[in-house]
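Participant: Chains as they are written, first to last, in the numbering used here: chain H, 47 to 158; chain W, 33 to 145.
Rather than coming from a laboratory, the hints here were simulated on the basis of the structure.
The structure presented is a predicted model; accordingly, all values stated were derived computationally and were not measured.
The beta-carbon is built from N, C-alpha and C at its ideal position, and this holds for glycine as well.
Treat each hint with caution, since some may be false.
[As the list claims (entries may be wrong)] Selected chain W positions facing chain H (Cβ under 8 Å, derived; list incomplete):
#1 Phe66
#2 Arg69
#3 Gly136
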Amino acid sequence: NAGVTQTPKFQVLKTGQSMTLQCAQDMNHEYMSWYRQDPGMGLRLIHYSVGAGITDQGEVPNGYNVSRSTTEDFPLRLLSAAPSQTSVYFCASRRTADTEAFFGQGTRLTVV
Amino acid sequence: EDQVTQSPEALRLQEGESSSLNCSYTVSGLRGLFWYRQDPGKGPEFLFTLYSAGEEKEKERLKATLTKKESFLHITAPKPEDSATYLCAVQFNSGGSNYKLTFGKGTLLTVNP
Numbered sequence: 047n048a049g050v051t052q053t054p055k056f057q058v059l060k061t062g063q064s065m066t067l068q069c070a071q072d073m074n075h076e077y078m079s080w081y082r083q084d085p086g087m088g089l090r091l092i093h094y095s096v097g098a099g100i101t102d103q104g105e106v107p108n109g110y111n112v113s114r115s116t117t118e119d120f121p122l123r124l125l126s127a128a129p130s131q132t133s134v135y136f137c138a139s140r141r142t143a144d145t146e147a148f149f150g151q152g153t154r155l156t157v158v
Numbered sequence: 033e034d035q036v037t038q039s040p041e042a043l044r045l046q047e048g049e050s051s052s053l054n055c056s057y058t059v060s061g062l063r064g065l066f067w068y069r070q071d072p073g074k075g076p077e078f079l080f081t082l083y084s085a086g087e088e089k090e091k092e093r094l095k096a097t098l099t100k101k102e103s104f105l106h107i108t109a110p111k112p113e114d115s116a117t118y119l120c121a122v123q124f125n126s127g128g129s130n131y132k133l134t135f136g137k138g139t140l141l142t143v144n145p
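If we strip away everything but chain H, and leave its shape as in the complex, we get (with noise of 0.2 Å):
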């Protein structure tokens, strides 16, 4: 089992780019979430989803979009990026409600 999977793990982009970053996990979890870490600041809650079909917004939605159209998949789209969402962005997956979550490995975005 690869786990949780993001692509890609580093990436620059110009202000106002749009683009997606790539979640998937092969486990069958049905919870799927969206952080960013910024240094001091923790891991904080961007989008969540508890199944295909079903999303909602976690602590800091603003500028991203998430959807969930297979289980195994859970995009993150940057509409417009700003300097502000230069961050470290982790998927991660959960079997239930209650048990551990799984991360992936991280992508590392700058915006310039």
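We have chain H; now place chain W onto it with these hints.
Facilitator: Below, chain W without anything else, positioned relative to chain H:
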């Protein structure tokens, strides 16, 4: 106000010098508390889950305990390979948001040989 607070922010130990990390939370209605280890450039790696006060979990040199308002991660006779950032995450009973994890800012542990 932070709901989850980890202390200290950074801890430097000598190899073999035991110590504890703290995770305290201010909201009532704990659903679960999770400890993770994060190495530089990697995603968090799951260590323990605790669900009720008095519960303890152990793995090699690590032991996690839980009271009504805080959790401790005890590190016994640490080795340099235990150096990492340790994250605490709390899940609260909060109506429609029962699923969400709230993370502390982490404790950066350095173990010198």
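Participant: Hint by hint, note whether the structure agrees.
Facilitator: Hints versus structure:
The criterion of a C-beta within 8 Å of any C-beta in chain H is met by Phe66/W, whose closest approach is roughly 6 Å, and the hint holds. Restraint check, Arg69/W versus chain H: the minimum CB separation of about 11 Å is more than 8 Å; hint violated. Checking Gly136/W against chain H by beta carbon gives a least distance of about 6 Å; that is within 8 Å, so the hint holds.
Taken one by one, the earlier hints fail for this structure only at number 2.
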